[in-house]
Amino acid sequence: MTQETVDNPQVKKEKDKTATRFVWRRKHLLGLQDLSRRELVHILDTAAGFQEISQRSVKKAPALRGKVVVNLFFEDSTRTRNSFTLAAQRLSADVLEFTAKTSSVSKGETLRDTARNLEAMGIDIVVIRHSSGGATHLLSKCIDACIVNAGDGYHEHPTQGLLDIFTMRELRGDLTGLKVAIVGDIAHSRVARSNIWGLHTLGAQVYLVAPPTLMPSGVRELPVQVSHDFDEIIGQMDVLNMLRVQFERIGSSVFPSTLEYSRMFGLTVERMKRAKKDVIVMHPGPINRGLEIESEVADGPNSTVLRQVSNGMAVRMAVLFLVNQAAAAEKKKSRRVNG
Amino acid sequence: MKVILKENQIAELLDGIAEEITAATAAGVSLALVGVRSRGEILAQRLQKLIQDKWSSKVDLGTLDITLYRDDLNQMSYQQPEVRTTEIDFGIDDRLIVLVDDVLKTGRSVRAAMDALIDLGRPQAIRLAVLIDRGSRELPIRADYVGKTLEVPPDKTVQVYLSEVDEREEVVVE
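Protein sequences, first through last, are from chains A and B. When we follow the numbering used here, the leftmost residue of the first sequence carries the number 1, and every step to the right adds one. When we follow the numbering used here, the leftmost residue of the second sequence carries the number 1001, and every step to the right adds one.
Bear in mind the hints are in silico, worked out from the structure with no lab data behind them. Positions of the beta carbon are idealized from the N, C-alpha and C atoms, including for glycine. Possibly wrong hints are sitting among the right ones.
Some chain B residues flagged as far from chain A (calculated, every beta-carbon gap over 10 Å) [to be verified]:
#, residue
1, Lys1002
2, Glu1019
3, Ala1023
4, Ala1116
5, Val1146
6, Leu1150
7, Val1152
8, Asp1155
9, Gln1159
10, Glu1174
Cβ-Cβ distance ranges computed for the label pairs, FRET-style [what the hints assert, rightly or not]:
#, chain 1, residue 1, chain 2, residue 2, range
11, B, Asp1166, A, Leu306, 40 to 46 Å
12, A, Thr176, B, Glu1087, 44 to 50 Å
13, B, Asp1115, A, Asp76, 36 to 42 Å
14, A, Gly177, B, Pro1140, 51 to 57 Å
Derived pair list, reagent style DSS-like, types lysine-lysine, alpha-carbon separation capped at 27 Å [stated by the list, open to error]:
#, chain 1, residue 1, chain 2, residue 2
15, A, Lys276, A, Lys179
16, A, Lys333, B, Lys1156
17, A, Lys277, A, Lys179
18, A, Lys332, B, Lys1148
19, B, Lys1105, B, Lys1148
20, B, Lys1049, B, Lys1156
21, B, Lys1002, A, Lys332
22, A, Lys331, A, Lys60
23, B, Lys1156, B, Lys1002
With these hints in hand, go ahead and build the complete structure from the sequences.
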């Protein structure tokens, strides 16, 4: 009997875990660039424990009961915002929705004042989206609450990066050596940056594929390989992460026509024929159908678009849970020092 | 450190618990075992095998992670709990669920486990099986099936080591 249970992989996994205990200490999640491999793996492992909540009849657990999460959104969002709201609610937190357009920000209130006023109402976690790359970092310096970056400028969108990586890991296990192409509007993409840092740390090989005008300026300093020819590399790739062309951020024309863009860099049914049979096709949404990806591919068997959305819930629950745990530990520590 | 139970004694106690569970379970009642991570999970696996051998039929087995239901989540620093997966791949509505844990002390884990279970459905009844009841209760909770009852001062720890995860098999007071 003993032999049989020792061979049980679940029990074995358990053993490995107890042998190397890790404690999460960050009360903010601002980006993936600074996270160690250990920290990334801890978030992903924790997220796996939250997947089951969304499949139950009672989609609720009391882990954040009595906590207040504020969604501080200075930019439009449906997916990310709803996902964070639902994630917080599933952990029994109270959620305050804040939209810049309908708030005192439109009367000229500064970010710092807005946040400090919200904090005075007793909030615990701020989920922030802002058009400026440094906004989340600034906020983490001026208030006590936990800060979770939900996208800041062209900087990072860590929970999107995490849910993309979670999805790849769910389908492929170990990411070491996995070839991931990030295709399209990389210059304007915080999603790309979070993916690059997270994937690099976990040992995947990242390829950026875009016309030169849509490559970020500091691309040479990134741990990636660059290609301007999608057809040349598509056959070697395990994952194709197709980014949205962000028309709202593109000032002057960076490519001659949308038709030409989709012919060169769009994921068409025709182009899919050159890819590996089991290639994972990802898109962070919202999709410009027919531009960066054809509908048949976006809805096809290789597409993980909807799986990404479901996994996003689990990842965001895990992040909210972990930052709150770190904050609780910090409070306890300072109480001990003072008293 | 004092050894309370050795390998063969643990096996005997589990045999006894399995015997009691089968005796108390009327024919036609749909029994399922749910182990509380992590030692309870292993004890539940062993009980499942013992009961299946008696009945020659399959008994459902699940694992519950109670981390999200703990009442000390905001008071911890020295030992941050790790969230792991709950794996119960059967419906628990109208089932007789026997929760399995290694040590019953304050009763707080059992409270958390019951809340977690009830969020998954509405069992016909929940019973509790533990290898050791060591006293020091803080909630009005008792076990239905107990391997051994001990009087241990609250500041001591009763540690159950199981060969599957610990490379030794014994119960000690530390």
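Hint-by-hint comparison with the structure:
1. Lys1002: 23 Å, holds
2. Glu1019: 17 Å, holds
3. Ala1023: 22 Å, holds
4. Ala1116: About 8 Å separates Ala1116(B) from the closest Cβ of chain A, which leaves it inside 10 Å; violated.
5. Val1146: At roughly 22 Å from the nearest Cβ of chain A, Val1146(B) sits farther out than 10 Å, so the non-interface label holds.
6. Leu1150: 24 Å, holds
7. Val1152: 23 Å, holds
8. Asp1155: Non-interface label on Asp1155(B) holds, nearest chain A Cβ at 19 Å vs cutoff 10 Å.
9. Gln1159: 13 Å, holds
10. Glu1174: Given a closest Cβ separation of 17 Å, the condition holds.
11. Asp1166(B) with Leu306(A): 40 to 46 Å: 42 Å, holds
12. Thr176(A) with Glu1087(B): 44 to 50 Å: For Glu1087(B) against Thr176(A), whose Cβ atoms are near 27 Å apart, the range 44 to 50 Å is violated.
13. Asp1115(B) with Asp76(A): 36 to 42 Å: For Asp1115(B) and Asp76(A) the Cβ distance comes to about 38 Å; the hint holds.
14. Gly177(A) with Pro1140(B): 51 to 57 Å: Holds, since Gly177(A) and Pro1140(B) (Cβ atoms, about 55 Å apart) stay within the stated range.
15. Lys276(A) with Lys179(A): Satisfied, since the Cα-Cα distance of roughly 11 Å is no more than 27 Å.
16. Lys333(A) with Lys1156(B): Status holds; Cα separation ~24 Å.
17. Lys277(A) with Lys179(A): Given pair Lys277(A), Lys179(A) holds - Cα atoms ~14 Å apart, limit 27 Å.
18. Lys332(A) with Lys1148(B): With a Cα-Cα distance of about 36 Å, the restraint between Lys332(A) and Lys1148(B) is violated, given a limit of 27 Å.
19. Lys1105(B) with Lys1148(B): Roughly 13 Å between the alpha carbons, so the hint for Lys1105(B) and Lys1148(B) holds.
20. Lys1049(B) with Lys1156(B): Violated. Lys1049(B) to Lys1156(B) sits at ~32 Å, over the 27 Å cutoff.
21. Lys1002(B) with Lys332(A): Violated: Lys1002(B) and Lys332(A) sit about 33 Å apart, past 27 Å.
22. Lys331(A) with Lys60(A): 26 Å, holds
23. Lys1156(B) with Lys1002(B): Between Lys1156(B) and Lys1002(B) the Cα gap is close to 11 Å, so the pair holds against 27 Å.
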